[in-house]
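K.L.:
Kindly generate the complete structure, drawing on both the sequences and the hints.
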Amino acid sequence: MNRLDREYFSKNAVQIAQDLLGKTLVRKFDDGSVLRAPIVETEAYFGFEDRANHASKGRTPRTEIMFARGGVIYVYLIYGIHWLLNIVTGSEGHPEAVLIRGVYGISGPGRIGKRLKLDRSFYGENIENSHRIWIEDTVINGKISTSPRIGIAYAGTPWKDKLWRFELKPIN
DNA sequence: CAGAAGATCGGG
DNA sequence: CCGATCTTCTGC
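Under our numbering, think of the first position of the first sequence as 5, with each following residue one higher.
Any given hint could turn out to be false.
What the hints assert, rightly or not - Computed Cβ-Cβ distance ranges for the label pairs, DEER-style: (1) Pro65 - Ile175: 39 to 47 Å; (2) Thr64 - Thr150: 23 to 31 Å; (3) Ile82 - Val38: 37 to 45 Å; (4) Ser14 - Glu53: 16 to 24 Å; (5) Glu140 - Tyr80: 35 to 43 Å; (6) Pro65 - Val143: 33 to 41 Å; (7) Pro152 - Phe52: 37 to 45 Å; (8) Val143 - Phe52: 32 to 40 Å; (9) Lys164 - Ser111: 20 to 28 Å; (10) Lys147 - Gly36: 33 to 41 Å; (11) Leu81 - Tyr158: 17 to 25 Å.
Said to hold, decoys possible - Only pairs whose alpha carbons sit at most 27 Å apart, straight line, appear in this in silico DSSO-like list of lysine-lysine: (12) Lys32 - Lys164; (13) Lys61 - Lys164; (14) Lys147 - Lys15; (15) Lys118 - Lys32; (16) Lys173 - Lys15; (17) Lys15 - Lys61; (18) Lys147 - Lys173; (19) Lys61 - Lys147; (20) Lys61 - Lys173; (21) Lys164 - Lys147.
It should be emphasised that the hints constitute simulated quantities derived from the structure, not laboratory data. Ideal Cβ placement from N, Cα and C applies to all residues, glycine included.
P.N.:
Structure follows, in structure tokens:
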């Protein structure tokens, strides 16, 4: 199976967020078991201008990884409880990422973090050659719907209204 | 150094 | 609708 490489993730987050729909997220656990699930919901966070983007105010210890070349993982703890999974995209020096909000069978970014047993150690993981998490190039036929991103009203106009949330509605 | 708020979820 | 639970950033 073809694994998505860093070249793939070096493009624009808004494009990649859509393109990732139908691709398969794979997590291999320490005990050897494997969880595979197609991505069905994503959100894009793009650049300094996007006030909903954690990195819009520049580099901090937390956002540092978003300035890397695309293809590494950005995880962070939200509300002291949930680890959210993002894939950094774009070129080095430009902060952007795609949040994985849903995969088949698991709805919600917090639940994904729980089911995938994510933690701090995944921060900066290279998705191209990691032995425990990667994405495979699969295709699912369906329709893509767009909507505003969740939980970022504080970002204000026009960012809170950007249609940067993408969902795949499979045919069949 | 204190305080507030957060890309969420589950329970009542 | 609220509490959980803790990291991160801001402001004094």
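K.L.:
Which numbered conditions among the earlier hints are violated in the structure presented, ordered from lowest to highest?
P.N.:
3, 5, 7, 12, 19, 20
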